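Chemist: Use these hints to put chain B onto chain A, whose structure you have.
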Amino acid sequence: DMKVTQMPRYLIKRMGENVLLECGQDMSHETMYWYRQDPGLGLQLIYISYDVDSNSEGDIPKGYRVSRKKREHFSLILDSAKTNQTSVYFCASSPGTGRNSDYTFGSGTRLLVI
Amino acid sequence: AQSVDQPDAHVTLSEGASLELRCSYSYSAAPYLFWYVQYPGQSLQFLLKYITGDTVVKGTKGFEAEFRKSNSSFNLKKSPAHWSDSAKYFCALVRGGSNYKLTFGKGTLLTVTP
Chain A
1 DMKVTQMPRY LIKRMGENVL LECGQDMSHE TMYWYRQDPG LGLQLIYISY
51 DVDSNSEGDI PKGYRVSRKK REHFSLILDS AKTNQTSVYF CASSPGTGRN
101 SDYTFGSGTR LLVI
Chain B
1 AQSVDQPDAH VTLSEGASLE LRCSYSYSAA PYLFWYVQYP GQSLQFLLKY
51 ITGDTVVKGT KGFEAEFRKS NSSFNLKKSP AHWSDSAKYF CALVRGGSNY
101 KLTFGKGTLL TVTP
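Protein chains in written order, with the working numbering: chain A, 1 to 114; chain B, 1 to 114.
So that you can see chain A by itself, here it is in the shape it has in the complex:
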């Protein structure tokens, strides 16, 4: 079954701590994405990765960085987490950057920064 897997599902961190969110996909998709979802705001794109070590900022990259060393893995890193980074984070993948690509989303990671 083709899927995008996110770990962990739930995470509580203190302000100032580092946070690592992991995402994996088993479809050999070239392109992967990190979004965050906040109430009333829909999904906002944080970063996009076109392939290994080929990453690009999305609409709200400030406070985040990413790492993609293998095509199947895409990590989101929060250095010194802030309370306003409390959110639900979704990873997604697509087979390419063509506009007819279908996107597969992971189940999300709920992050609470206290």
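The set of hints was computed from the structure by calculation and includes no laboratory data.
Everything hinted at is true.
Here are the in silico distance ranges between beta carbons for each label pair: (1) B:Ala1 / A:Pro39: 19 to 25 Å; (2) B:Asp5 / A:Tyr10: 30 to 36 Å; (3) B:Lys61 / A:Gly96: 24 to 30 Å; (4) A:Val52 / B:Gly16: 47 to 53 Å; (5) A:Gly63 / B:Ser70: 37 to 43 Å; (6) A:Thr83 / B:Gly41: 18 to 24 Å; (7) B:Asp5 / A:Ile60: 16 to 22 Å; (8) B:Gln42 / A:Ile60: 21 to 27 Å; (9) A:His73 / B:Gly16: 42 to 48 Å; (10) A:Gly40 / B:Thr113: 21 to 27 Å; (11) B:Gln45 / A:Ile12: 24 to 30 Å; (12) A:Met15 / B:Gly62: 43 to 49 Å; (13) B:Ala1 / A:Ser67: 25 to 31 Å; (14) B:Leu109 / A:Glu57: 27 to 33 Å.
Here chain B is said to cover these stretches of chain A; the calculated rule only asks that three of the stretch's residues, wherever they fall, bring their Cβ under 8 Å from a Cβ of chain B: (15) 36-45; (16) 105-114.
Because the structure is a prediction, the values reported are computed rather than measured.
Cβ coordinates follow ideal geometry from the N, Cα and C atoms, glycine included.
Modeler: Relative to chain A, chain B alone:
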């Protein structure tokens, strides 16, 4: 700038009624448009997409959407609605250029009462 607007934050209707969720977009070129559904506590699931061709596209779960270039809309429809359709629905647009990123609307929470 490209954008997607879902003007109704919340729609409530009775089971058996016809549902129509509104979506309008702003984009200078030909858009690729998507609808996703998110059930409570779950990730986003693909419903349907419009690329080119027929302006009425059919998707999963009995949904269809009509693309109207004249008023820049891509409304989602289903008849009759079932209580299991209760969920949050997101309209999304893929932008052109070198980075094909999904831009989401804020979503419409649909409640179908038995």
